Every structure is written in C-alpha cells, then in structure tokens.
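Using the sequences and the hints given, assemble the complete structure.
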Amino acid sequence: MKLANRRVAGIAAVSALAITLSACGQDAVQTDDGAATGGATTGTSEELSGALAGAGASSQEAGQNAWVAEFSTQNPGLTLSYDPTGSGAGREQFINGTVQFAGSDAAFKPEEIEAATERCYGAEPLELPLWVSPIAVVFNLPGIETLNMTPDTIARVFTGEITSWNDPAIADANPGVELPDSAVVAVNRSDDSGTTENFTEYLAAVAPDVWTYGGDGVWPIEGTQSGAQTSGVLEVVNGAEGTIAYVDASRVGDLGTAAVGVGDEFVPYSAEAAARVLEVSEPTEDASDLRLTYELARDTTESGTYPIVLVSYMIACSQYDNEADATNVAAYFSYIASEEGQELAAQADVAGIAPISDSLREKVTAAIDQISAG
Amino acid sequence: MAVQIETSQVRDLKPPSNLGNKVFAGLASGAGWAILVTLAAVALFLVLRAAPAFTASEEELSGEGILRGYGFWGYVGPLLFGTVLSSALALVIAVPLSIGIALFISHYAPRRLAQGLGYIVDLLAAIPSVIFGLWGARWLMGVVDPVFAWLSDTLGFLPFFQDYLPPARNIMTASLVLAVMILPIITATIREVFLQTPRLHEEASLALGATRWEMVQQAVLPFARSGIISASMLGLGRALGETMAVLMILSPGFLVNFNLLMPGQHQTIAANIANQFPEAAGLGVNVLIATGLMLFIITFLVNMAARAIIARRAEFSGAN
Amino acid sequence: MTTITTAVDTRPRLAPWVPWSILGLSLAAGIGITATAGSLNLLGGTALGVVLYMVAITAVSWVREGERWARDRLASALVVSAFALVMVPLVSLVWMVVSEGMKRFGPQFLYTNMVGVYGESELGGAYHAIVGTLLITGLASLISIPIGIFTAIYLVEYGGGRIARYVTFLVDVMTGIPSIVAGLFAFSLFFTVAGPGYKSGLIGAVALAVLMTPVVVRSVEEMLKLVPNELREAAYALGVPKWLTIVKVVLRTAVAGITTGVMIAIARVIGETAPLLITVGIVANTNFNVFDGRMATLPVFVFRQYAQGGQAASERAWAGALTLILIVMLLNLVARLISRWFAPRGMAH
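Respectively, the protein sequence lines represent chains A, B and C.
Read in order, the letters of the first sequence are residues 1 to 374 in the numbering used here.
Read in order, the letters of the second sequence are residues 375 to 694 in the numbering used here.
Read in order, the letters of the third sequence are residues 695 to 1043 in the numbering used here.
Bear in mind the hints are in silico, worked out from the structure with no lab data behind them.
The structure presented is a predicted model; accordingly, all values stated were derived computationally and were not measured.
We put the beta carbon where it would ideally sit given N, CA and C, even for glycine.
Keep in mind that a hint or two might mislead.
What the hints assert, rightly or not - From the structure, some residues in chain C lie toward chain B, with a derived Cβ separation under 7 Å:
#, residue
1, G760
2, D866
3, E916
As the list claims (entries may be wrong) - Per label pair, the in silico range of CB-to-CB distance:
#, chain 1, residue 1, chain 2, residue 2, range
4, A, E302, B, G445, 38 to 48 Å
5, A, G160, B, F534, 45 to 55 Å
6, B, D527, C, L737, 15 to 25 Å
What follows is the structure, encoded as structure tokens:
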C-alpha cells in the first residue's frame, strides 16, 4: 500500500472514530426537556435551575444515586450531583465551599462547627438525620441462614475470645442448629468508617466488660482479617467459610445474619426495628433546632428494636449568598425528607434504609424552612 | 596554479544559521526546567501540608483516631517497613522473571513470534490495578492457599512461614500481585535494551564457539546492565506507590515483623493513604500527607543508591 | 607424534527427541505425584514437572554433552519457563475479565451513560466514562509527552552540566511519586489557583501528567542512549545542524523504542484510580468539556460500581474493566503501526 494511501486511510479512520464517539452517546434514562414529570413532589412548582453539588459519605451512595436520579427527572433544569468521596472529605469540601451540601456519618466536631458557621456566612449549619440504616452481623456458614447471638457473645466473637463456631455461648442460644467445629474468623473494616464507629459504640454500650475499647471509627484490635470499604469486607467474608463481619444491611446478599439479643428476645435486622431506636433516643447536648444530632440509645431493651444502626446526616447551610443555592438545597432536602424520598431509598434493592418517622419529619421540615439567601 | 582569495572574502562568509539550534536547545532545556519547577511545586506542597503533622504536640496527635495512640514516628515506622518489604519482595520476584522473559522474546523465541509475544506481555501493563486487586482476591488467593498452608505446616519454625491463616490476605500475596503488576514495565524496557545489543558482539561470541547462554552472558547482559537497573527502578517506583491492588488484597496491620504469611501484620503507605483519606479530616489529613512525604523520601534514597551503582559501572553507551 | 586437543567440544549433541521426551516424562511424573499426594492439581503438577525436567535435562546433558551445554540447556529451560510462568496470571486475568465482562459488554453498554440509574436497574453504561478517560488521558499526554521527550533529549544530547545532573536526579524522584500524592498535589494546586469551586478534567489531567512524565523521560532516555554515536557523527560530518540531527537521525532511529516507552506511560496512567478519585470524582452524565465540570473516568467508574455492590453494578464494573483493556490494546496496536511506519528501513525487528 502506498505511503500516501496509508496516510489518508489512517486519518480517515481516526476521524471516523472521533465522530462516532462524540455523536452516539445517550442518557441511560431519557427525560423530556422542559416538562416536569408528575409524581407528588414537595418541591416548588417553579422550575429549578442551576447546579447543585454535594459530596460525602459513601454509605449514602446507593440512596443518593436514586434521589439524584428521581429529583433530576422531576427538575430537568437542575444539574445535581453527589460525589461519594467519604464523610471526612465531604465535610471538608462543604467547609471550604466546594459543595453546597454534604453527607456525613459523623456529626461535626466542635472546631468544625465554627468553620462551618463561617462558611454559612455567619449562620448555623444544618445537620439532619435523614439516613437511618441497620447494620447487620453477617457470617458465612453454608446451610445456616440465621443464628441467635446475645450482645455478650457478639462482643466475645469480635474480640477473639470465642474461637470456634460450636462454642457453648453460640450453641446454647441456638438449640437444634448444627454448628461446625471450624474456626471463627472475625473480619472488620480496615478504613475509618461510620459503620465501624456505630458498631463499636454498640458493643461498648451493651458489653462494656468484654469490649473495653470504646467506640471508634478505627477498629482497635490488631492482627485481624479486614477489608477496605463494605465491598472489601464482603469479598473476605464470601471468600472463606467461618467468617463473620458487620456490614450495612442492604449489602447482605445471601449471607447468613445474626438475630441480636435485645432484652429477652432475639431481633433480626429490619428497617422498622432500626427506626424504633431513633424514637427512643435523646438529642445530643449541643443539638439545636437546625442541628438535629442524636445520642443513640444502643443499650435499649425496648421490644422490637434493632439496636445496631448507622445514622448518617445531611449537612447544609441555613444561609447562602444567592437565591438559587438556597432554593435548590431546600427543595432537594425536602424531597429527601419526604415520604416519597424516604420510601424510595427504603426499597430493598436501592438502599434499605429505615424511613424517618413523621415526628422527626416535622422537625426536619421546620429546619429546612429556615434555609434562606442572606 | 594558486587561487587568490582576498582575506575580506573569507571573513565575510557567514557560518550556517544558528537559529534552529538555539530554538531547539531552548526547548530542550526549557523542558528540563519544567521538570525542576514541577517537582519543586510538588515538594513544596507536600512539605507545607505535612508540616502540621510534624509540629503537632503529642496531645493533638492522640486525638486523631487513625494514629491509634502512636506518635507520628510510631505510626509511620511500620508503614515504611511494610512498603519496603512488599516492594523488595516484589522486585526479587519480578526482576529475574523479567530478564528471563525479555531474553526469551529477544533471543530464544522464533523470530516471527517475537513481536506478538512482546505485545502479549505489554497487555499486562494495560490492566488497571483495580482488576489486579479483584483477580488477586478471587483467583490468586485460592491458588496460593494450599502452598502457604503447606509452607506453614512444614517450615513453620521459620518466622517467615509461621502461623498461616486463610484467606491468604498477607504481605506475601500482595507482593506476588505487585510482582505481576511491575513485570510488564520492567520486561518491556529490558526487552528493548536486549534487542539493541550490537549484533557484532553477539556474532563474534557465537563465532568463537560459545553456546547461546554463554553468548548471552558475554555480549547481552553486560551491555544491558544499566538498562536493567534503570528498568528495575521504574518497576520499583510503581511497586512503592501501588495503591488499589494492595488495598484490596492485604488485611492491614501496623507491626514490624517478618511474618509473611500472617494477615493483619503489615501495611503500605500508599494503600494506607487511600484507605484512610476519605474519612480523614483536619490533622488526620496532614498526617497522611506526611506519610506520603516519607514515601517520597524513601523512593528518592533508593534511586540515589541505584544511580550510584550505575555510575560505578559506567558502560559504553551510544551518546558518550 | 603430538595430539592436538582443542577447546571445542566435539561430542555429539543430544538427539532432538531426547529433551522433548524428558519433558513429557517429567510433566507426567509431576502431575502424577500431586495426584497421588492429594487432589489432582494441574497447576501444581505442571510446576513440579517443570522442576523435575530442569533437574533431569541438566543431569543428562552434563553427562552426555558436557558442562557448558548442560548450562545452556538449563538456561534455556529457565528462560522458557519464565515466559510460561508469566502467561499463567495473564491468561487467568484476561479470562476472568473477558468472561465476567462479556455479561454486560456490548453496544448498549458503550453508548449509554448513568443518568437516572439507581438500585438494581439494568440500564446504564460507561459511555460517559469512556469519553472522560480519553479526554483526560489525551490532555495528560499532550502535556507530558512533549516535556518528557524534550527532557530526555536534553539529558542525552545536551547533558553533562550541573543542571542536567539535577534534572536526572529529579526525574528519578518523580518516578516515586505515589499516584494518590500526585492527585493531592493537583487538587491543592487548582484549589489555590482557581478556588474551591473549580472541578474539571484538567485537574485530573495534571495529576496524570505528573505521573506520566518521568516514565516517558526514562524510557526515551534509554532509547536515545542506545542510538550509536556513529550515526550522529556521520550527520555532523555532513554538516547537518545539531537540532536537525536529533530530529531526523536520532529520534527517527529510536522511534520504535520511544513509541513503546510512550505507550507504557499511557498504559500506566490510564488505569489510575486513586488520583482521579480525589480530583475529578464521578458523575452520571456525559461531559465533553475537559475544562469545566466533573467528568467520569473508566477506572473510577469501575471502582465505584464495584464498591456499590449488587448484581448489575458488579457486571458493569467488569464490563468497564474489559472496555479499558480493549482501549489500551487498541492504543498499543496504533503505537506499533506508527513505529513501523516511521522506522527507517532496516531497523524493523
């Protein structure tokens, strides 16, 4: 083939490729431009426009995907995005102004509240508990779907005191179940995570004499098997038999789960049972009308509660410097807090969260109504 | 017959224009300066963002959960150890293999297959590290599990092989995956160097009756020595900074020991940063960046050592 | 009467069928041993068989052909088995990616993005990520390749001074920058210069360029050093100015190696997740403007889909990985074609 021909062919091929690539992409879910589709929304009837960016907890990713998708469909003029970079990065990006709202597994630390207030042009930031998710204790024992475990047993499994599955502590609570003689391999999160923090807080609250490490986002015991993020932990659990771990309940898949001892009963995990915990919990000392942070009652013995929960907060400013940001944030948060939004994320194949109660919704709505443009 | 040339004529003849040379030389040294400036910027930024971690008091540091109660050096020490250990293991496994593969492609394989084979090895370089992590977790761990179990049973009295625990999420598996990841880079560079061995030297060796291996020993390997070290440095750079694969394979710990088969013992700096960064805030971020600075310094020291080795064995190279 | 002894070994070499039969026997023995010891393990058996072969052939050759040929046979066996060994992870990796990725790979996956996709929705693809990866990596290459090649030229052709020594040294230092630190640097740079609100593909491109440049410099430097001095001197003798010599003679001679080096650099960064995760993040929609707004990239897409979990997301992650590998394979092919096109006659190998 002549050199000139080859050159022409080469250029033609590259341009063809470039044209195909730029022309033929399409949105996965098509929306009609200009017309807000139906559905009972609590947003305003005016068209929302502009850009709204949020970042933060990866625990909220599945739900945020759904919320962003649905809200964008209802408000096609708005460019909405949520970046699941992690709670710490999310709070930092909120404080330095990169994003207008954030999601965080942990409430603001005292020094962060100061910085956040400054970012909000002198007004208080909002912290709303719009994400309540049960944490399930999962294990990989073929043929066994559920096991009863008292809080004490769970603590001793995760400190390494219980080393074998047919230990009397487990066997006694599960008469009739054939437990193998294999080793118990406890798996934890290797990264600093809200799930770990909530789980260790639970252990510290219910079995303080066994679990002496207190509550912390970083797993305190060395020399264990661990994985990065929920998917890492699941990789380990699914990869070997006899493993046991704590993960967000929506990711359980077909692993066996533990029914946790509460008072005299054994309560399996469920969204409703998890939601009951928030009802019996008190607000923290520094909570306010806008910052609805809670001190979870993990050692509750209320019947029908599932005490191992993760509460993740949505963070925003009560005052923005422009009308668009204020309207957009208020509308989006109202949607998330609404029945529709909470039910959407509560679906099992979306995120399986526990929808917030109506009384909490009232408080949340009151706080959202305070968002204004200064 | 003498030709008379006026001296004025000779002096008036201008030398060929220097403009092209000047411009090109300017571009070349400009690029060099760009490197200097970029690196100065990176160093400056790292030091600035890491400084708070060095100057923080014991109290402030203890408030940061990720430090688990160690001081800064108690935190970084095991991380440095883990990084060096995993990279050293990976190099020890990868470099001999790379030399073998490069030799195979350049001198042992049938000529017509050589290019295709080189292409296939380059394919490994194309695979993103996330996939190596997944492959390591789902395939390699299953394969090495019986090997590690056997090692632990028979040679368990040695500290290297004691107390193996399935699943195989230990530094040995991580190093194996790292070795597979750095193989293509090292192989590709060494292969090119082997292919450039002067044919004259090779044929002279063969003409004197050398076997193929002797020819390689005499003509190819000495010529390629600095190229091999250079390629290894490239591979080492990749291994030291590898994040995702280690993150997905290793069960981390903060201990300094040689228990290669036990989980929860070691951690590398890069994987640790990736692990902790999303949830880190305030002083925690500074600490993590400070560990990044440490990694930077380690690589720098290793490279200095390599340069010293190359300089001492300065070989003939085309541009000298 | 004097007998002349020569150093040349005149003993006959082993007949061709001998090494092959020893190989066959060793493999059979290896697999047989593992089968009797425990379960039938093909991989372990083959490995054992190869070790047995090396021992056997060296011994046989030592006795029949002499020490030098025995060493040669052992070396050949080692070299071939090194190659075979590296084929194992490659084949299993490619097999895993292809078999898992094909579940979802296809035109629909390549042409849709993730707008409006959540939960277990079967919709959604990687179009936005492909566009993002190509644009960001392309921009990074545009920055780093010229700088890299010119730095290598500077080091090899104009080098020797103090500045050159510093530059060499610093390029070494640069190879050691962890990818996540490069990302942190790019993030802070743009944070300081352009403010916190600025998010774009350019930031990711800068991070990748920092990672790519030293690789390009090193590889190209090695290639340039291998160009024989005679070529340069011949050009100078003909009165060719230095810059033209470099462009037309040195670069042209080394072009195959340079393209390989550049391809390695691109392949190195195209799969980088960590720096892009913290600079560019992930979005669901397609963004063609690399200077404005967040973009999706394939490695981050793969990672986030994997981290999200669930059947559909997992399949998308593998399909995304397959796409990434295919793109790099394509780039490799293009590079080989380019180097063959440009290489002067007689240099093709």
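Comparing the hints with the structure gives:
1. G760: violated (10 Å)
2. D866: With a minimum Cβ separation of about 4 Å from chain B (threshold 7 Å), the hint on C/D866 holds.
3. E916: Because about 6 Å separates C/E916 from the closest Cβ in chain B, which is inside the 7 Å limit, the hint holds.
4. A/E302 with B/G445: 38 to 48 Å: holds (43 Å)
5. A/G160 with B/F534: 45 to 55 Å: violated (24 Å)
6. B/D527 with C/L737: 15 to 25 Å: holds (19 Å)
Of the numbered hints stated above, those contradicted by the structure are hints 1 and 5, listed in ascending order.
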